[in-house]
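The task is simple: from the sequences and hints, build the whole structure.
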Amino acid sequence: MRMAIQGVGVTGGFGCGVDALTSALHRGEPIVGEVDGVPAYQAAIEGLGDFVPKRALRRIDHFSKMTLFGAFMALKDTGLSDVDRSRMGVVIATGYGTLQTTFKFLDSYLDFGYACSSPTHFSNSVHNAAAAHVSMQMQATAPSLTVTQFEMSVSSALLSAQQWLAEGRVDQVLFGAVDESCEVLRYCRKEFFGDGEQGPLRPANFSEQSAIAGEGAAFFVLAAETQPAAYGYIDEVILGNHATCPVKLPISDELIVGADGHQACGQWYQEALKGREFAAYAPFYGSFPAAAGFDLAVAAVSLRDQTLYTSPGADAGGRLLPRKLDQQGLTCLKFGGGGEYGLIRCSS
Amino acid sequence: MSVKEKLKQVLIEDLNLEDVEPDEITDDMALFGEGLGLDSLDAVELVIIVQKHFGVEIKDMVESRPIFESINTLAAYIEANQP
Amino acid sequence: MTALASIAITGLGCLSGAGLHVTESLENMFAGIRNPQPPTKFTTDHPVASLVLELGEGLKLPLDEQESRYSRTCQLALVAALQAITDAGWDAESLRGKRVGVCIGTTVGCALNCDEFYRAYKGDDTPDMGIMERFLRSNPADVVARHLKLDGPTQTVVNACSSGTDAIGIGAAWLRAGACDIVIAGGADELLRLTYSGFSSLMITAPEPCKPFDLHRKGLNLGEGAGMVILESESLSRDKPKKSFLQGYGSACDAYHLTAPHPEGEGLKRAIAEALSVADLAPDQIAFVNAHGTGTPDNDRVESRVLSEVFPSVPFSSTKGYTGHTLGAAGGIEAVFTIACLNRGEIPASIGFSTPDPELPVTPVRGPTPIRGDFALSESLAFGGNNSVVIFAKGDA
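Residue numbers (this note's numbering), protein chains in the order written: chain R, 756 to 1103; chain P, 22 to 104; chain W, 171 to 567.
Don't take every hint at face value.
[To be verified] Here are the simulated lysine to any residue pairs, SDA-like style, with alpha carbons at most 25 angstroms apart:
#: 1; chain 1: W; residue 1: Lys388; chain 2: P; residue 2: Glu90
#: 2; chain 1: W; residue 1: Lys388; chain 2: P; residue 2: Ser61
#: 3; chain 1: R; residue 1: Lys809; chain 2: P; residue 2: Asn37
#: 4; chain 1: P; residue 1: Lys73; chain 2: W; residue 2: Arg289
#: 5; chain 1: W; residue 1: Lys319; chain 2: R; residue 2: Gln1025
#: 6; chain 1: W; residue 1: Lys319; chain 2: W; residue 2: Lys388
#: 7; chain 1: P; residue 1: Lys27; chain 2: R; residue 2: Asp862
#: 8; chain 1: P; residue 1: Lys80; chain 2: W; residue 2: Ala262
#: 9; chain 1: R; residue 1: Lys945; chain 2: W; residue 2: Phe305
#: 10; chain 1: R; residue 1: Lys859; chain 2: W; residue 2: Glu303
#: 11; chain 1: W; residue 1: Lys292; chain 2: R; residue 2: Gly868
#: 12; chain 1: R; residue 1: Lys809; chain 2: P; residue 2: Arg86
#: 13; chain 1: P; residue 1: Lys73; chain 2: R; residue 2: Asp866
#: 14; chain 1: R; residue 1: Lys859; chain 2: W; residue 2: His427
#: 15; chain 1: P; residue 1: Lys73; chain 2: W; residue 2: Lys292
#: 16; chain 1: R; residue 1: Lys859; chain 2: P; residue 2: Leu62
#: 17; chain 1: P; residue 1: Lys27; chain 2: R; residue 2: Leu865
#: 18; chain 1: W; residue 1: Lys211; chain 2: W; residue 2: His191
#: 19; chain 1: R; residue 1: Lys859; chain 2: W; residue 2: Ile301
#: 20; chain 1: W; residue 1: Lys388; chain 2: P; residue 2: Lys27
#: 21; chain 1: R; residue 1: Lys859; chain 2: P; residue 2: Glu39
#: 22; chain 1: W; residue 1: Lys319; chain 2: R; residue 2: Gly1092
#: 23; chain 1: W; residue 1: Lys388; chain 2: R; residue 2: Gly868
#: 24; chain 1: W; residue 1: Lys388; chain 2: P; residue 2: Ile88
#: 25; chain 1: R; residue 1: Lys859; chain 2: P; residue 2: Gly76
#: 26; chain 1: W; residue 1: Lys268; chain 2: R; residue 2: Gly868
Hints are computed from structural coordinates only; laboratory data are not their basis. Just so you know, these numbers come straight off a predicted model, no measurement behind them.
Here it is as structure tokens:
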């Protein structure tokens, strides 16, 4: 069953809100931030206060704040800020979950002994804490689902959201892709990739490590195909493993690929694309598993504007000039390091 | 600093009650429900706070319910059990 | 909700503190045997150790000698998945060329649990990057799919303690939608110092064998293990004996509190109602209920209230006394138990229960109890307010 994309809410390295993403697409040049002297993309959460009172946020960590911010912006974008949400499902896809709070919990017992393990940090470190905060703050009492599947998190979770709508379990799904960065993650990336992460991020250079850590939340309000779509539709979600059974790319669709400067995944893109033209937007938001949600947000904006925007960055490999979509389909392709892939087919 | 003053300070810090000033917490104010508005998750965090900052152990939540009523009761328990 | 097609279940696999496979688990449970003890795999400085249920002697992990390549959770998931695949009459070879999905619930199986790494990182030692590499290799659904060289959707569900139940409901939806032909679905979780400390800090663990629904219940015992079922499409399962059918699945969120259940069990009631309506069944058609029954004061009170309201005369029991609370695995393990007991026509004693609590309107069975009927329901309540319910039908094998 097709899913209507009714609203979008994003916070990431390019800024927050659909307008910020749209202007980044218009500008076509990435703006990379910096943490500890290393290039990094960070997501803002300052606007969350407009949606949630400060007291309600006292136990809510950065990961859940990004989540709530993205979710509330998506609802606002849909014009659903004040409606009954008892039939709105919540689905969240995340590659790593809340990293900072996981380490804060470890801090509590490594620093003060096991008897001083913090129950608040523990509760918030559980992967579905962010979804729970969304349900509570929005009184969304329908089913809630959190999925973690590294690079496949977004396509996998989307497949289940689609079934909820098809089976009539919910009228709408508030779907989000969230990941956060932290000091330990940056340390690990440096250990794994050395100085390969100095930027710029060159998604089309498949054989080179050029990833830059990013974070953010990308949310969508999805409904059954009979409902109006402000952006476009998700037609089909397909997951598989290219190493076991080669991916079949839709012939006439334009392609947005999730290549984000990771060498281990690059080889799969190279193999599957076989020289086909594609667009890649990771230089706007950086490299993290849930960034596939941002690829989908770009697809949504592109369908709305009927324009395939220029891929940002210096490399010419997959660089396209902006062009009209002319009712053409758009497919998002994401690979994991083991050849596993997610295909999200979208159209107007 | 008295036990009561220190308690108010660590409550605000460790429970992230950024919108509350120490003076606003009166000694006999109910900590849970109406009053300061803490909940069951704060209660178990309070056990850790008391252990960490005052070295006093609280073992059983059901039996200890009266201790958590107010700053007065909590401070009295800490003072009576401090090592 | 309208009724949905039931889905055939052709294979079962499970391991937990109750036993290393289905038959052994049932033997132990019907004999009333359980082995809670202080944890042996890790130490903490908690003044009073809460008890846990570890896997028995004789567990053989299937992946290479070097156990450190994958997390223990992934290994447990694979053990249960292989049992279930064999039970369904498949093997790795015959699954080739089919569209096989893997949907596995877990809680700690995907958390960046690395206290060794982090201790070194915080201190002066050089952290062992091998620990991180293992984490990056250890997504349970992915490990099962890769080990069996499967082609199909993979999903690791992290809905805390309802994960295993949700994974089975989701796997069935994939089949109905034609996203694949077979789904390996269930849950897996290992026992870790991290969760042990976390649950201890919430003050809901017991230093004695847990007593679900008893007046003197003090909390839960943690456990570990995995439970999987094989769901098959109509066309593949047509000529095979069926172990069971997944008849209904329902889920709802309390949207009430991060760690406490809704006092009236609003989400649980809604999840039960949805599962019944999807299954097109009335409450009195349910032969027995496998309760979540962790042994914590709050959980058991809410569950008993809801059961008295919806299923006032349906027998129920908790198997957490035999397995401990296996978190993300619980839904998978208990789905297997529910199906096996339904087919056997008998449920084991709800071990640990002896003294009724006047606050609880209904109480579980005290001894092995014969049951009559074709359908059974298993419920899971989770941290974050998730409530999930599955209904199984009796098999023909």
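Original post:
Among the hints numbered above, which are violated by the structure, and what are their numbers in rising order?
Top reply: 6, 8, 12, 20 and 26
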